[in-house]
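Novice: Given next are the chains, with one letter for each unit.
Number of protein chains: 4
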Amino acid sequence: MKELPLGKLYYEISRHNPPALSIRPGETVRIETEDTFNGLIRKEGDRRDLAKKPQGNPQSGPIWVEGAEKGDTLAVHIEKIEARIGQAANDMTWARRGLAEFLGHDIPVNTRIAPVRDGKVWWSPNVALPYRPMIGTIGCAPDFGSPTTSPAGDYGGNMDIKEVTDGNTVYLPVYVEGALLHLGDAHAAQGDGELCGTALEMPATVTMTIDLLKAQTIPRPRIRSRDEIMTVATGRPMERSVAQAYSDLILWMEEEFGVPRWDGLSLCTMVGEISVGYHFIGTVAAKIKLEYVHAAAR
Amino acid sequence: MKELPLGKLYYEISRHNPPALSIRPGETVRIETEDTFNGLIRKEGDRRDLAKKPQGNPQSGPIWVEGAEKGDTLAVHIEKIEARIGQAANDMTWARRGLAEFLGHDIPVNTRIAPVRDGKVWWSPNVALPYRPMIGTIGCAPDFGSPTTSPAGDYGGNMDIKEVTDGNTVYLPVYVEGALLHLGDAHAAQGDGELCGTALEMPATVTMTIDLLKAQTIPRPRIRSRDEIMTVATGRPMERSVAQAYSDLILWMEEEFGVPRWDGLSLCTMVGEISVGYHFIGTVAAKIKLEYVHAAAR
Amino acid sequence: MKELPLGKLYYEISRHNPPALSIRPGETVRIETEDTFNGLIRKEGDRRDLAKKPQGNPQSGPIWVEGAEKGDTLAVHIEKIEARIGQAANDMTWARRGLAEFLGHDIPVNTRIAPVRDGKVWWSPNVALPYRPMIGTIGCAPDFGSPTTSPAGDYGGNMDIKEVTDGNTVYLPVYVEGALLHLGDAHAAQGDGELCGTALEMPATVTMTIDLLKAQTIPRPRIRSRDEIMTVATGRPMERSVAQAYSDLILWMEEEFGVPRWDGLSLCTMVGEISVGYHFIGTVAAKIKLEYVHAAAR
Amino acid sequence: MKELPLGKLYYEISRHNPPALSIRPGETVRIETEDTFNGLIRKEGDRRDLAKKPQGNPQSGPIWVEGAEKGDTLAVHIEKIEARIGQAANDMTWARRGLAEFLGHDIPVNTRIAPVRDGKVWWSPNVALPYRPMIGTIGCAPDFGSPTTSPAGDYGGNMDIKEVTDGNTVYLPVYVEGALLHLGDAHAAQGDGELCGTALEMPATVTMTIDLLKAQTIPRPRIRSRDEIMTVATGRPMERSVAQAYSDLILWMEEEFGVPRWDGLSLCTMVGEISVGYHFIGTVAAKIKLEYVHAAAR
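Just so you know, the sequences run in chain order A, B, C and D. Heads up: the first sequence runs through residues 20 to 317, numbered per my numbering. Heads up: the second sequence runs through residues 20 to 317, numbered per my numbering. Heads up: the third sequence runs through residues 20 to 317, numbered per my numbering. Heads up: the fourth sequence runs through residues 20 to 317, numbered per my numbering.
Chain A on its own, in the form it takes in the complex (with noise of 0.2 angstroms):
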């Protein structure tokens, strides 16, 4: 196994980054992330200094996987995920995008320190919720275009995504040679929609295995778990993000499963959900349980 200790940080899932790990394919990586407040926030009463780390989102990597080239995807099975430190945080800076409208402009500064143990990630020493760890933003560099770690698009970044947990896999498209692989931002729990802007922010320790598909192209993200396939798809409106990532997912059930599209439109008309990413951006992830996927095929 290789390891990739915190080292350089980067704000851009962009092809200008210099490889940090060079890895072949099948390979598994343990690689250390930073937290989305760069670590700025480690106690009670600490606060984010915007003057001296104005970007959030901070990327381990790039890792150079052999081989990977334009065209390729990326399976990145997620093995673990540990709270490097023992506990996340929440700040509630972001919180007026959307939410004033409804709920008063007087959100308070309320740095939260949530200690993780015993599974559970303690959100006040009375409430303690599943610890569900997982990775806010990933991604594949691009060969056009160099985003910052806040936006999510085709590429992956910040996608937000509850389901890109331990014991999952994501594909990735590929755009340029090496592959490029970013990631940080891991929570030690999320709900849909981020609602707040930030969810409970950890740096991290991941364990991943990565395996090259070659010349295999998807169009956006996908994940699969044991039970079930999904797609991500980002943009506002999020209605139209919705209808983009069940078309991507009926897509592929009609490419790889065999489902006539149109059977798998009125599939997950019936049984499809929706896992809900940063509300703002209109990320979502539409799924089907793969039960349903095989029968519909027979």
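Derived from the structure by calculation, the hints contain no laboratory data. Accuracy of the hints is not assured; some may be wrong.
No copy is singled out in the list; a pair is fine if it fits within one copy or between any two copies.
With a cut-off of at most 30 angstroms between alpha-carbon atoms, the simulated DSSO-like pairs for lysine-lysine come out as follows [stated by the list, open to error]:
#  : residue 1 : residue 2
1  : Lys72     : Lys62
2  : Lys308    : Lys99
3  : Lys308    : Lys27
4  : Lys72     : Lys99
5  : Lys308    : Lys62
6  : Lys89     : Lys72
7  : Lys139    : Lys89
8  : Lys72     : Lys233
9  : Lys233    : Lys71
10 : Lys139    : Lys308
11 : Lys21     : Lys233
12 : Lys233    : Lys139
13 : Lys27     : Lys89
Given chain A's structure and the hints, the job is docking chains B, C and D onto it.
Specialist: The following block gives chains B, C and D in isolation, referenced to the frame of chain A:
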């Protein structure tokens, strides 16, 4: 128990519709509803004749609730939703809206008849989906405006939220004397988003107990299951409905359960969930488990 | 010329409203309208009492047009819009919607009374704006649904399009016998977007000639000036309304003027214009100069 | 006057692009640009070969402005925009986005070559449109992220605002040393919304004088003509961009001209105007006549 067999159907949720049944608060009612196709699709090959029946979602009722006045809330506890003729139907006429951009334009006429038996709805001879009945359209007549049964709004209407199901209680604002509760548009199964525009639509028999909460005013529909509370909001863009539904939920948590609103915002960020109604009109429900609400209120 | 002095006012555009006046096609009518504030703001310091008058945009009429039937079109030629009491008023109560995010939340109560004289409306003692009167809300009663006077839709309604002005002809779909034309909500001046939610609102006297186009069906409102044709669409997101309004315009150019639709699309790309109604509900008009339409049809 | 003939073209607005020309503030530059099609459409029958040239909107430059630093503003006064080869071209490849829902899916390949002469652009042998040249894409390189030339944002980019025209001054935020001004994508004519996705696209020669405003920071692009000031905002839904652009305009009126913001809000409500860029990405400019601004400031 009072009974209301299928009678005159309405295509508006309107104070101009005369009551079909009068009940006292606390009474249980058994009411028959027609499907969204006005019963025009009963077997493979049947087609909607829009010249004959231009509107969908016919409503049964309205039910007059004694003592109900503007500013009250109706609590509709749904006991049971039965498939009245043992089958449901799907039609993809509306799928063009929003999906043609992604899936192509040649969406077929694809009428599907799905038998309901043994707790399943048979989408095809090979594919049995769980029978998860729900009421797509429900609401009390507004005091200004008479919406058709296509949109949804603060009054309820065509929400297509799958949590409007048996075992749950739906709370609806009352605007006029007697409340004038309308309902219809039952589904045997529906996923998030009601992707193609109609689900597995069925004529149903709905058994429900209707309570009246005097002088308790709510801004929009709410739902309560044994484990969760939920709030429903509608409108485009959907990302705004997500923010509005969550904000309603947070204010409900504050008022009734004593969770300070900014704590509620943080909690919904970590464990809130979104259920998507008909995606094209941006209806969503925001949900949270009661165990978290109670714990956070301590 | 027939006269309709101010009488009972309506807050819905509804087939349930009894006609206040009956005319024959081709007749000229002089009709008095109240302002959107129900006349509650006549001098500085006046406030809207929402408890007394919860709704805005009171409508005069409805006018029964003899012979009008579903599927016809009403052609309303607006001759003159006069400021009935020589002044207009503005109030920024609704500005919070959408603007607080950018401008801050402390939007003041800021009632403004603007005298109308010498072809100007005096926004302040120093600032005279051109008097450009318009009718904010106009439409024929739908056959299904009775919208309040807040939204807009295919029937017209609260479009707030400044081209609904003197000298222009507005075309409106007829849905019920007699057409039942409602109108009100006149403005002395309004820019694109009706940014703060109300413009310079005035009680008005509207002189108009109403023609009936038998068996000519239009999907949504249209406007014709001496030089331009225009089509109106409503809905969020606004970018979709822009596409819909232009598409209506292109189809009109094809049907009536003989410009093939793909040429029309190209032409609207080059010289089409957009006029924005109330931005929050996404109402826009797409416009093109007739000289281009005629030239392209050759 | 400095000259920059057509040279290497860029498809990102990026700090990684090496300067092609260095100037001192106040200098006039004559720069050649290629059209959005990379010059692949020069005569009827030419087609875009997306395999060869996958990206559009090639950029000339970047221009290094001596002394420019993050936090400054570039004032680009556009003197002249000439049609470099005496013609423009249109192609409707992108029209499918958003329009197929309304116009049908069979949008033709419809390449059109339009000669530019006598102050007109000849859309067809019979239809002469006014030659109203504009620069579709312009901006300084951001310090984080390298956007492609498809989107627009706070840095400028593919705004497609027709007021970026000769005689006007465009103000652009500076993010990196030297500013690194990119531009391209000139149009001979374009209406509101750039409906089909490309306008009358032309290779151009742009003459402009570039000034540097030290330590004057603006959040997003601004434009000034002899009579008007304008602010540009981008994003979906477009109704939010309208609110953001107007809010920028109101804050500009307050800061530079002394109009209190709530007066500015009222004034923009009455006489503000919206110009629509590429509708699909929600770019708009909010405008107001300087005569009103000056009068309101008294």
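Novice: Against each hint, give a clear statement of whether it holds in the structure.
Specialist: Hints, one by one, checked against the model:
Only within a single protomer do Lys72 and Lys62 lie at most 30 angstroms apart by alpha-carbon distance; the minimum there is 17 angstroms, versus 51 angstroms between protomers. Proximity of Lys308 and Lys99 under a CA criterion of 30 angstroms is satisfied in both settings, with 23 angstroms inside one chain copy and 27 angstroms between copies. In the homo-oligomer, the alpha carbons of Lys308 and Lys27 never lie at most 30 angstroms apart, since the shortest distance is 39 angstroms inside one protomer and 40 angstroms across protomers. In the homo-oligomer, the alpha carbons of Lys72 and Lys99 lie at most 30 angstroms apart inside one protomer (28 angstroms), although the nearest pairing across protomers, at 41 angstroms, exceeds that limit.
When the C-alpha separation of Lys308 and Lys62 is checked against a cutoff of 30 angstroms, the pair qualifies only between copies, where the shortest distance is 28 angstroms, while the shortest distance within a copy is 41 angstroms. Taking the shortest Cα distances, Lys89 and Lys72 sit within 30 angstroms of each other only across copies (16 angstroms), while inside one copy they are farther apart (33 angstroms). Taking CA atoms no more than 30 angstroms apart as the test, Lys139 paired with Lys89 passes in neither setting, with 40 angstroms inside one copy and 44 angstroms between copies. Within a single copy, Lys72 and Lys233 get their C-alpha atoms only as close as 38 angstroms, which misses the 30 angstroms cut-off; across copies the closest is 24 angstroms, which meets it.
Within a single copy, Lys233 and Lys71 get their C-alpha atoms only as close as 42 angstroms, which misses the 30 angstroms cut-off; across copies the closest is 22 angstroms, which meets it. In this assembly of identical chains, the alpha carbons of Lys139 and Lys308 lie at most 30 angstroms apart whether taken from the same copy (27 angstroms) or from different copies (16 angstroms). For the identical chains of this complex, Lys21 and Lys233 are intra-copy neighbours only, at 22 angstroms inside a copy versus 49 angstroms across copies, given an alpha-carbon limit of 30 angstroms. Neither within a single protomer nor between protomers do Lys233 and Lys139 lie at most 30 angstroms apart by alpha-carbon distance, with minima of 39 angstroms and 41 angstroms respectively.
For the homomeric pair Lys27 and Lys89, the shortest alpha-carbon distances inside one copy (25 angstroms) and between copies (23 angstroms) are both at most 30 angstroms.
Comparing the model with each earlier hint shows violations of hints 3, 7, 12; every other hint is respected.
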